[in-house]
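**Student:** Add chain G to chain S, keeping to what the hints say.
Residue-level listing of the chains:
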Amino acid sequence: MQRDLDAVLGYVASLQALDTSGVPATTHVLDIATPLRRDEVAGVLPVSEVVRNAPEHTESAMVVPKVLE
Amino acid sequence: VNEIWKAGLAQLALHVESGDVSCREIVSAAFDRIGRDDAKLGAFLRLRPEAALAEADAADTARRAGKARSRLHGLPIAVKDIFASRDFETTCGSKILAGFRAPYDATVLEKLRESGLVVVGSTNMDEFAMGSSTENSALGRTRNPWISTASPADRPAAARRRWPRASCPPRSAPTRAARSASPRHSPAWWVSSRPTAVSRATDWWRSRAHSIRSARSPAAAPTRRLVMGVIAGHDPHDATSYPAPAPNFLSALTGDVSGLRIGLPRGFFDAAGADPQTLARAREALEALQSLGAKTVEVELPNSAHGIATYYLICTAEASSNLSRYDGVKYGFRARAETLDQMYERTRAQGFGAEVKRRILLGTYVLSAGYYDAY
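Chains as they are written, first to last, in our numbering: chain S, 1 to 69; chain G, 70 to 444.
Just chain S, with the same shape it has in the complex:
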């Protein structure tokens, strides 16, 4: 695993050779803003459906090992 990671990082280091000084920071090639959804309640699942997939759950909550003593 360590060898694999070294190999990939070594390969990726080739990017350091690129001159990006004139390139503005880019988060996406499409010039769009993060879309915001209307602040409306829609498509809410019943709690029982939401917790159903948790490995351990009660009728309304997911159960995890104790956090506080």
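Derived from the structure by calculation, the hints contain no laboratory data. Even glycine gets a Cβ: it sits at the ideal position worked out from N, Cα and C. One should not assume that every hint holds.
Claimed, not checked - Subject to a maximum C-alpha distance of 27 Å in a straight line, what follows is the list of computed BS3-like cross-link-like pairs (lysine-lysine):
no. : chain 1 : residue 1 : chain 2 : residue 2
1   : G       : K399      : G       : K149
2   : G       : K426      : G       : K399
3   : S       : K66       : G       : K149
4   : G       : K164      : G       : K149
5   : G       : K164      : S       : K66
6   : G       : K426      : G       : K149
Said to hold, decoys possible - Only some residues are given here: those of chain S computed to face chain G with a beta carbon under 8 Å:
no. : residue
7   : M1
8   : D4
9   : V8
10  : L18
11  : V64
12  : V67
13  : E69
**Tutor:** The following block gives chain G in isolation, referenced to the frame of chain S:
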């Protein structure tokens, strides 16, 4: 009827419309074929034969009443294990999602259903789509149908020889392209294209790398056109989906390529770094397109050599962030542990496979202070 499995959806649609064959016969043929061969191939993870056959019957009834929902109503389709489905477990080829049953259908599946397509089941994949051969699937390896020792993405030499012909754009009638090549399920025969953000309808429930994913239909051109027509479009459930109407694939992809300009990146078509056989086939395809009236233009892509290195940074960074949701709390697999921290650690250590861990580690590293600024 015995050879139904060879036909693409576009061809099947014509047969159903002409009354040669019923949806039930087609869907049963698909299951017969799966029953006969899939023990050897391991392509399918989950199947829903009873529900699918009932849907096919309903489609036959609707079609007889002139109420077909679309040209694809009642035809079978398989989906990758990455699309959330209420009908069966969705696991993304990972142990960490074992037992997960989605409380809703992915948008792609909703759209397939609206058009009346019958989902027969879900197919194997590399864990969280990290790979292209299923060797990274936690649920076993899929075999190549022609060469049992090869990766399912490889194709036999015979098919390789055949594909330039199949890659010619169909002039108009879908049947022509559908007839022109036979190894039907080989990627060699598939027309592959990567939809831009504009045309994707993702809601891949299991988010992995949101800037580089998109839902595709690997199939022959006529079938692709029909399926893309169904699944493309903005998905309001997916904040990374581009909010613009999808192009009309049915009217845009006529098969007529005269006047079409094809960009050939300089350096991509010389011998350095490209497999000579692949190159030869690509040239044949280009010649075919040119003979049909397409023009080629040389273009400059000076940074393309850095594509893979960039991909490694983006894809691992996004994977490390998006896969943090798998913690054994909300869904899927949970390892036994005394404390919460132990539970997180053991669940992730036991639940993820080697390739996923490799990418999470790399991604966490490239996003770390110091390294992040370097790129």
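**Student:** Which numbered hints turn out to be false for this structure?
**Tutor:** 3, 13
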